[in-house]
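J.: FYI, in mature numbering (1 follows the signal peptide of the UniProt record, and there is no 0) the residues of the sequence shown are -20 to -1, 1 to 152.
Treat each hint with caution, since some may be false.
Label pairs and their calculated CB-CB ranges [what the hints assert, rightly or not]:
#, residue 1, residue 2, range
1, Leu131, Asp82, 31 to 39 Å
2, Asp84, Ala114, 20 to 28 Å
3, Ala95, Ser65, 31 to 39 Å
Bear in mind the hints are in silico, worked out from the structure with no lab data behind them. C-beta: ideal position from N, C-alpha, C; glycine also.
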Amino acid sequence: MPRLPLFLTVFLICSPAAFADGHLTSDREVGCLDVVAITSDMTPPDLMNGVYACVAEDDYDRAIGLFFTSLARARFDEERVVDESAHAALSALQGTVRSALDSDQQGALMASYSAARSDLATACAPIVALGVPAHDPAWMLAHGEAPELGLVADFDADAAWDMGLQFLVCPR
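Turn these sequences into a full structure, and let the hints guide you.
T.: What follows is the structure in structure tokens.
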């Protein structure tokens, strides 16, 4: 039986109540975009707004593209945020999606996930093409216990983006 990647396992089992946190949301209107329309300043919570928009339109293929991109960018932020307690924001962000979707929507998202996983080269290509993100990691900093620790000195954005892509099992 194939094993699910850790990010998806967390999505499926985490309690939604554990993730009620305002900094994991965004007021930025992001519609149901194709991945190629994502701009470098869009944060993971911004992209989750796009996931919700896609789900509302029953466009689960676009939703999973936005979801994957959000996760890769969240993993990127883990590499640049010093406070390790803030890194739990990635799992928490996944939990916010779970709590927002009903079981039918979760099932449809999982079907799109499975389809994307069966052809990672196609699913990953537009995410890789976006390049290194330039969004503000304030959403993750706010999740931690010591946001004053700030960002990693001498941060290597290219290496961090590689980590984000590896999190999705995407080749760069």
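J.: Hint by hint, note whether the structure agrees.
T.: Hints, one by one, checked against the model:
Restraint check, Leu131 to Asp82: a C-beta distance of roughly 37 Å satisfies the suggested window 31 to 39 Å. Separated by about 36 Å at the C-beta atoms, Asp84 and Ala114 break the suggested range of 20 to 28 Å. For the hinted restraint 31 to 39 Å between Ala95 and Ser65, the CB-CB distance of approximately 35 Å keeps it satisfied.
When the structure is compared with the earlier hints, a violation turns up for hint 2 alone.
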